[in-house]
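Chemist: Sequence:
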Amino acid sequence: MKITLNVMRQAGPHEEPRLVAYELVGVTEDMSFLEMLDVLNEELTARGEDPVAFDSDCREGICGMCGIVINGQAHGPERTTTCQLHMRSFKDGDKITLEPWRASAFPVIKDLVVDRSAFDRIIQAGGYISVNTGAAPDAHATPVPKENADRAFEAAACIGCGACVAACPNASSMLFTAAKVTHLGLLPQGQPEREARVINMLQQQDAEGFGGCTNIGECAAVCPKEIPLDVISTLNADLGRALVRNK
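Using our numbering, the first residue of the sequence shown is number 1, and each one after it goes up by one.
Don't read these hints as lab results, they were simulated from the structure. Honestly, I wouldn't trust all of these hints.
[Unchecked claim] Keeping only pairs whose Cα atoms sit at most 35 Å apart, straight-line, the calculated DSBU-like set for lysine-lysine is:
#: 1; residue 1: K2; residue 2: K146
#: 2; residue 1: K225; residue 2: K95
#: 3; residue 1: K110; residue 2: K95
#: 4; residue 1: K110; residue 2: K225
#: 5; residue 1: K91; residue 2: K225
#: 6; residue 1: K2; residue 2: K225
#: 7; residue 1: K146; residue 2: K225
#: 8; residue 1: K2; residue 2: K95
#: 9; residue 1: K91; residue 2: K110
#: 10; residue 1: K110; residue 2: K2
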């Protein structure tokens, strides 16, 4: 099939972005979206033009590096990571617009590549787990209620791709931060630093320039790992408890 790609090109962080159109023929429905971009870049390289910069690593929907806004939707029309999106989701003659994640906390490096190290700093602000485990304990040595274990596992599925930020009108990272707070806060190992963790991570989130959460829900709607919106309620409950106890 034949498609037209309208790609937001930006040579560097301080350069002006511009939308550039590329026509691509011979695209098959079995191609992944990133394979299609590889084909485009092969053609651009053969013509002596600068290939489109985009991020990817595992290409298995695990690492989250491949995030692109496709036709105004984070990761595109399917609820999955961009690398797991296939061209069968589009049709012959489609015009597809590609943009990077848009948030002041995610500065553009080049074209579709953004700097998401703000997420790393939020995690680092959460600190460490001080529990001295010694030798590896038996798996059943510390009982954990199944409900807590299931919910912690659900929250831990967050891959930090940033789709929640890209989809949020406020560019809030609350779903990401709440997922990290929730999966540790529900497990025994996470209790010693539980109160300090939520306060420090939220302070770092604000320092990075992310917007405030107004519970619109776009974040959870596009999350490829289906992190539930109510992890934000868990974070707020932890924050309220921490603020009361640390007056």
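Chemist: Run every hint past the structure and note whether it holds.
Modeler: Hint by hint, here is what the structure shows:
1. Under the criterion of a C-alpha separation no larger than 35 Å, the hint pairing K2 with K146 is inconsistent with the structure, at around 50 Å.
2. Between the alpha carbons of K225 and K95 the distance comes to roughly 27 Å, so the proposed pair stays at or under 35 Å and holds.
3. Proposed proximity of K110 and K95 is supported: the alpha carbons are some 22 Å apart, at most 35 Å.
4. Under the criterion of a C-alpha separation no larger than 35 Å, the hint pairing K110 with K225 is consistent with the structure, at around 26 Å.
5. Between K91 and K225 the alpha-carbon distance is near 26 Å, which keeps this suggested pair within the 35 Å criterion.
6. A distance of roughly 31 Å separates the Cα atoms of K2 and K225; the hinted pair therefore holds under the 35 Å criterion.
7. The hinted pair formed by K146 and K225 meets the criterion: a straight-line CA distance of about 20 Å does not exceed 35 Å.
8. With a CA separation close to 9 Å, the supplied pair K2 and K95 stays within the 35 Å bound.
9. Note on K91 and K110: the hinted pairing holds, with a Cα-Cα distance of about 28 Å set against a maximum of 35 Å.
10. Our distance criterion of 35 Å between C-alpha atoms is met by K110 and K2, whose separation comes to about 26 Å.
Checked against the numbered hints listed earlier, the structure breaks hint 1 alone; every other hint is satisfied.
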